[in-house]
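4 protein chains.
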Amino acid sequence: MKIRFLLIFIYFICSLSFTYGQSRKIIYIPDIPGYKTLKCDFHMHTVFSDGTVWPTVRVNEAWRDGLDAISITDHIEYRPHSKDIVSDHNRSYEIAEPLADNLNILLIKGAEITRSMPPGHLNCLFIKNANLLERENVMDAIREARDQGAFILWNHPGWKAQQPDTTLWWDQHTELLNKDLLHGIEVFNEKEYYPEAIDWAVGKKLTMFSNSDVHSPVSMLYDTDNSTRPLTLVFSRSRTKGGIREALFSRRTAAFFNNTLAGPAELLEALFFASVKLNNPQGPLKNGETKYITIENNSDIEYQLELVQPGIGFDVTENTVLRAHRVTALELRGNSEQVASNGELKIYYKVNNALVSSDANLIITLRISNN
Amino acid sequence: MKIRFLLIFIYFICSLSFTYGQSRKIIYIPDIPGYKTLKCDFHMHTVFSDGTVWPTVRVNEAWRDGLDAISITDHIEYRPHSKDIVSDHNRSYEIAEPLADNLNILLIKGAEITRSMPPGHLNCLFIKNANLLERENVMDAIREARDQGAFILWNHPGWKAQQPDTTLWWDQHTELLNKDLLHGIEVFNEKEYYPEAIDWAVGKKLTMFSNSDVHSPVSMLYDTDNSTRPLTLVFSRSRTKGGIREALFSRRTAAFFNNTLAGPAELLEALFFASVKLNNPQGPLKNGETKYITIENNSDIEYQLELVQPGIGFDVTENTVLRAHRVTALELRGNSEQVASNGELKIYYKVNNALVSSDANLIITLRISNN
Amino acid sequence: MKIRFLLIFIYFICSLSFTYGQSRKIIYIPDIPGYKTLKCDFHMHTVFSDGTVWPTVRVNEAWRDGLDAISITDHIEYRPHSKDIVSDHNRSYEIAEPLADNLNILLIKGAEITRSMPPGHLNCLFIKNANLLERENVMDAIREARDQGAFILWNHPGWKAQQPDTTLWWDQHTELLNKDLLHGIEVFNEKEYYPEAIDWAVGKKLTMFSNSDVHSPVSMLYDTDNSTRPLTLVFSRSRTKGGIREALFSRRTAAFFNNTLAGPAELLEALFFASVKLNNPQGPLKNGETKYITIENNSDIEYQLELVQPGIGFDVTENTVLRAHRVTALELRGNSEQVASNGELKIYYKVNNALVSSDANLIITLRISNN
Amino acid sequence: MKIRFLLIFIYFICSLSFTYGQSRKIIYIPDIPGYKTLKCDFHMHTVFSDGTVWPTVRVNEAWRDGLDAISITDHIEYRPHSKDIVSDHNRSYEIAEPLADNLNILLIKGAEITRSMPPGHLNCLFIKNANLLERENVMDAIREARDQGAFILWNHPGWKAQQPDTTLWWDQHTELLNKDLLHGIEVFNEKEYYPEAIDWAVGKKLTMFSNSDVHSPVSMLYDTDNSTRPLTLVFSRSRTKGGIREALFSRRTAAFFNNTLAGPAELLEALFFASVKLNNPQGPLKNGETKYITIENNSDIEYQLELVQPGIGFDVTENTVLRAHRVTALELRGNSEQVASNGELKIYYKVNNALVSSDANLIITLRISNN
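Chains as they are written, first to last, in my numbering: chain H, 60 to 430; chain P, 60 to 430; chain G, 60 to 430; chain D, 60 to 430.
Hints should not be assumed to be uniformly reliable.
You can't tell identical chains apart in this list, so a pair holds if it fits in one copy or across any two.
Straight-line Cα separation of at most 25 angstroms, BS3-like style, residue types lysine-lysine; simulated pairs [claimed, not checked]:
#1 Lys264 <-> Lys405
#2 Lys250 <-> Lys84
#3 Lys187 <-> Lys98
#4 Lys300 <-> Lys336
#5 Lys263 <-> Lys238
#6 Lys84 <-> Lys336
#7 Lys263 <-> Lys84
#8 Lys345 <-> Lys95
#9 Lys405 <-> Lys98
#10 Lys95 <-> Lys336
Hints in this document: simulated from the structure, not taken from any laboratory.
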């Protein structure tokens with residue numbers, strides 16, 4: 060028996076895709092000189108693999124959460140809902156794309172090659188046809204992705220399920236790297252952090268990522284009102300898919316999660332100085348006198364500073380936190396007669412939540428004009 | 060080509076259903092004498108009709124949000140994802156049930172008969188086989204539900220798409236009522252409120268509901284951290300499906316949304332007095348003197364009070380708000396010599412956010428011992 | 060017996076004034092073309108009249124709350140703590156000034172002439188010697204203030220204690236106005252709003268104020284984490300006392316409280332357009348098609364928009380709220396063939412929380428390029 | 060010249076003391092068997108020593124913050140505002156007392172003897188006349204307090220200004236202890252924590268305190284909306300001053316700050332079990348099966364649990380956090396055939412935020428009925 064209910068359903072049609080009336084969060088992470096800072100998440104699932112949401116939800120969430128770009132990366136080899144859901148590997152992208160276009164979210168076509176270790180799970184971004192990645196031999200699948208122009212990253216390299224004791228770099232990863240079949244690595248995945256991944260990224264010239272790998276609705280995993288979901292910050296020449304692709308292959312990213320940054324020192328330094336503004340009262344600091352320098356942090360990132368060497372001719376606050384969207388005062392106190400004649404005072408802080416390797420932090424220099 | 064990936068996926072299995080590590084909100088809405096106050100939502104959708112989440116998400120959300128019972132009510136006649144999703148009308152219940160059992164969420168089997176007006180959309184709760192509700196003639200479908208033992212409610216009776224100008228009660232609703240095929244009505248749906256529905260509930264002896272009708276993830280629609288999603292409060296003899304069924308047919312519910320209650324006066328009054336505790340300083344109020352009575356509100360409901368008649372022998376705060384989980388002070392000031400000899404002072408407040416009809420509010424009497 | 064405890068107290072000295080380690084809120088209310096937007100509160104009390112805090116608290120609060128300028132305006136005629144506190148009318152300013160200098164808060168010397176109605180309570184800003192304002196005759200006191208160069212404003216003109224039934228403009232206020240002894244009026248005071256004051260400000264060319272009149276610690280009165288205390292927004296040529304004085308006498312202020320603005324239309328309009336940024340997708344709107352315009356609101360002010368006339372050739376969202384620090388989407392839908400050839404689409408919104416008189420709102424025009 | 064302004068000021072009188080309309084927070088820290096759990100702060104200052112608020116502010120803050128009892132402990136020897144404020148040492152109590160009575164806050168009369176180290180600063184609670192404590196010789200002052208019946212505690216024993224390198228116990232403290240002139244010690248002061256103080260309290264039988272020592276308005280120091288100020292939890296037979304005195308001398312307190320408890324194990328254990336409720340699904344745990352035990356935490360204290368020894372016959376969640384006012388699930392998984400026949404399963408957790416000495420934590424045993 061076929062039943063027809065044409066008329067009454069036209070009311071549904073508009074509301075199908077976009078939860079209208081919702082608003083979009085603005086993530087205050089500033090651009091840096093020469094580049095736009097795009098907020099991206101390149102790893103997530105839908106009901107078309109083992110996720111629990113329809114593909115349009117991922118786009119709506121990205122819009123709500125203030126993201127610029129996402130990639131839906133359903134598993135090629137693992138589709139536990141296949142008894143109920145019958146569609147090919149390109150279908151989740153197909154469903155999400157029109158809404159992404161309307162909402163101006165850059166939707167990067169992707170898929171996750173999902174194998175035992177090695178090589179583990181690999182995300183392939185900028186692919187053209189996900190169906191062709193369904194191959195018996197994993198190297199065939201990866202080569203197919205690469206032939207389609209994919210950027211390939213190693214997901215959750217320290218995931219306990221696949222690396223129970225030690226987070227190892229396997230021979231097969233060296234092989235992938237040598238054959239230009241591996242370009243990036245996740246430093247943060249879901250709520251996990253892999254210190255080894257930063258060092259491999261630095262040593263083997265891989266691009267750093269911070270991705271959610273979300274299967275459920277985003278808000279079941281993160282409290283996005285009060286912080287952000289994991290973000291891969293892409294420093295891109297333009298807000299386009301091509302811009303992102305160029306930036307990824309050029310390793311211009313920072314991984315950001317739980318108020319911690321990981322990335323190349325020069326990018327993190329640029330981001331720090333784009334985030335803050337120093338306000339310096341007039342007149343030189345004198346011996347025995349106190350002066351307050353205020354630092355205005357207009358970003359969503361809270362910077363945690365620790366003094367790494369004493370000031371020359373002055374004492375200064377040793378530990379401070381530059382809270383997001385607040386002004387913090389540094390107290391300088393002259394401790395020598397010479398200080399008044401220094402034209403510039405330099406303060407060297409370690410940024411405890413900005414990692415440039417697994418055991419080294421960004422060092423920044425605050426230069427205080429002292430005239 | 061068939062590919063087998065057995066081993067590596069055993070890691071996924073545990074995490075498939077329950078987002079472990081999450082915690083469950085406690086909704087502080089107290090029991091009333093003789094009954095447990097169950098927090099319920101009897102209207103929601105999944106990918107198996109026009110929703111955007113997998114059925115287990117609804118159970119996880121209910122657990123997280125502190126609910127006792129839900130019903131997944133996918134449309135019988137409207138299944139826009141049917142190109143991708145091939146399953147019958149019982150499938151969403153089947154998928155959600157094991158998780159509901161594990162998490163001790165009472166999952167009521169339901170479905171939504173979805174027709175043009177009249178009779179509009181009707182939820183059938185406590186059905187046995189949803190497939191049998193797929194009938195050409197709407198009366199046949201409703202009768203089938205009733206034959207299965209269903210409690211039937213009229214959804215969003217004032218939905219603009221079906222009642223563009225006036226919220227009308229149609230002849231067919233009278234017919235349903237007379238034939239014992241209609242038992243309840245939504246006063247709140249999603250974010251809408253239908254004043255007419257309260258009056259019909261009172262006049263025609265229907266049970267009042269407040270349901271989300273959520274299609275997306277719950278947190279895209281409501282900010283459940285800071286308030287609650289719509290709740291049908293069921294005053295039940297026990298925390299069981301049978302208890303709920305008995306309470307619904309006995310009309311022991313209150314609709315709650317956006318800090319507004321609607322329901323029978325005696326239930327709302329019991330709920331008010333179960334929520335608050337009066338603290339009364341010793342000694343009688345005297346003419347010209349001031350005494351502070353404090354009211355401790357241990358519930359999540361903020362009660363908005365407005366004095367409806369002057370105190371006899373005393374002045375008292377005219378407007379106040381009993382904020383949730385806070386103590387509020389009422390100021391009593393004696394204005395006659397007789398007041399000191401009244402053994403009990405009575406204060407009559409209207410509760411502005413507790414509706415007993417579309418234009419009448421709950422009136423409560425605070426009795427202050429004055430010895 | 061005199062006891063000397065010199066040594067141990069040097070530890071106290073530093074911490075006496077500035078609660079170091081605290082941070083300062085940034086109020087995101089933007090500058091407008093040609094002027095800096097200074098956030099000010101020109102009415103508050105200390106223990107030196109009937110307040111309950113030491114004068115330095117007012118400066119620390121101003122720093123914490125992100126203010127640019129304040130005035131401590133202790134009552135001349137009402138000093139209930141005089142049994143315990145023996146000092147003259149200049150003392151609260153004297154105590155607060157050094158801290159204000161250190162923290163770069165502009166502290167305007169002020170006092171409140173405190174009489175029965177008429178003329179009620181008058182704040183005198185930019186005075187030089189508060190002691191000389193202690194005069195039997197109120198006109199003598201006001202003239203003395205004016206002779207010192209004061210800007211004089213009428214405080215809480217609708218305060219029930221002095222205007223129990225109607226908020227009246229008295230003959231004495233006309234006299235003051237005519238003699239250049241009255242320049243401003245409070246539209247908002249503490250948590251009250253006086254609609255008449257806006258109309259008098261417009262009709263009689265008075266400057267509008269929004270002041271706290273706080274007696275207790277600020278945070279006992281307002282939840283400054285989640286909103287702001289009352290602010291007089293001063294559109295000033297510079298962040299200096301002189302700049303503020305010039306702006307006040309030139310009537311370049313807006314009163315802001317509880318997310319409501321009151322002020323001259325041209326200033327409110329400039330503030331609105333400095334707060335928001337329109338993002339307009341390329342390509343003309345066509346008949347029957349939908350286009351989303353997004354509006355990015357980077358200010359702390361939530362703007363509430365209501366359409367005042369239909370679009371020409373298109374339908375558009377009728378009511379929307381531009382939430383602070385969020386992006387909101389407007390939905391445009393072409394409803395005529397001509398719309399595609401209009402080079403610019405105009406949308407006329409009333410801003411429901413921006414008052415230009417007691418019964419008129421700011422109207423803004425959004426101009427959407429349509430090429 | 061004397062000016063009289065009688066009439067107009069009657070309007071002020073009512074509002075002088077109590078910020079009416081404010082509400083009082085309820086601190087959810089439960090009573091324990093046999094005792095009421097009173098929330099107290101026994102160390103704070105006003106303008107009558109080096110504080111910056113009027114004494115009534117301390118009472119209003121206590122009411123707002125949900126406290127039961129406070130003591131204003133102005134310095135005897137340090138009064139930097141004495142040029143402006145001329146009153147004796149009893150005056151701050153005198154001013155605060157009527158408001159405390161009205162608001163039902165227990166105001167304990169106190170003072171702080173303020174000397175260099177040793178003995179440092181000592182709070183004297185339950186004194187009768189603070190003026191008599193102004194003595195040249197510190198032992199005379201302490202003896203005077205004791206003669207008045209005072210309970211005496213050592214404040215901030217590890218304050219860097221007085222104990223720059225090591226937190227030392229001095230001979231004079233032993234002398235005080237031996238002469239019954241020292242009864243308690245602060246474990247938490249303002250935002251500091253002194254581990255040595257817990258061990259001294261345990262070893263020398265001193266009562267533990269957590270006090271604010273606040274000089275500014277409370278809300279400049281703590282974010283009391285989202286957490287609590289430091290609390291000395293007093294387990295008292297009654298909510299009376301006498302009850303508190305008996306409890307202090309009997310060492311029935313716990314220090315609470317920043318979600319950390321310090322106190323005697325038996326009191327902390329009683330508090331833990333009064334805070335939580337276990338919900339245990341029916342039926343025994345079987346080998347290879349999983350069971351969820353949920354724990355409902357109805358208190359404001361977040362308990363951080365860490366497993367201290369493996370379960371016998373089952374695996375169980377190793378680390379978990381019992382968030383305040385939420386339900387948390389423990390996962391039990393049978394790992395032996397015998398487990399099903401154990402009538403009771405025992406789980407041993409260390410509570411990481413409950414200290415019984417500087418290096419030992421409370422251990423609690425969860426007993427799960429397994430029938």
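Now for the hints, and whether the structure bears them out:
Taking the shortest Cα distances, Lys264 and Lys405 never come within 25 angstroms of each other, neither inside one copy (32 angstroms) nor across copies (51 angstroms). In this assembly of identical chains, Lys250 and Lys84 lie within 25 angstroms of each other by CA distance both inside one copy and across copies; the values are 21 angstroms within and 21 angstroms between. For a Cα distance limit of 25 angstroms, the shortest separation of Lys187 from Lys98 inside one copy, 23 angstroms, qualifies, whereas the shortest one across copies, 48 angstroms, does not. In this assembly of identical chains, the alpha carbons of Lys300 and Lys336 lie at most 25 angstroms apart only when taken from different copies (24 angstroms versus 31 angstroms within one copy).
Taking the shortest alpha-carbon separations for Lys263 and Lys238, only the intra-copy value of 13 angstroms comes in at or below 25 angstroms, while the best inter-copy value is 71 angstroms. Both within a single protomer and between protomers do Lys84 and Lys336 lie at most 25 angstroms apart by alpha-carbon distance, with minima of 23 angstroms and 14 angstroms respectively. Taking CA atoms no more than 25 angstroms apart as the test, Lys263 paired with Lys84 passes in neither setting, with 36 angstroms inside one copy and 43 angstroms between copies. For the homomeric pair Lys345 and Lys95, neither the shortest alpha-carbon distance inside one copy (41 angstroms) nor that between copies (31 angstroms) is at most 25 angstroms.
Proximity of Lys405 to Lys98 under the C-alpha cut-off of 25 angstroms is found in neither arrangement, the shortest distances being 32 angstroms within a copy and 32 angstroms between copies. In this assembly of identical chains, the alpha carbons of Lys95 and Lys336 lie at most 25 angstroms apart whether taken from the same copy (19 angstroms) or from different copies (17 angstroms).
Comparing the model with each numbered hint stated earlier shows that hints 1, 7, 8, 9 do not hold.
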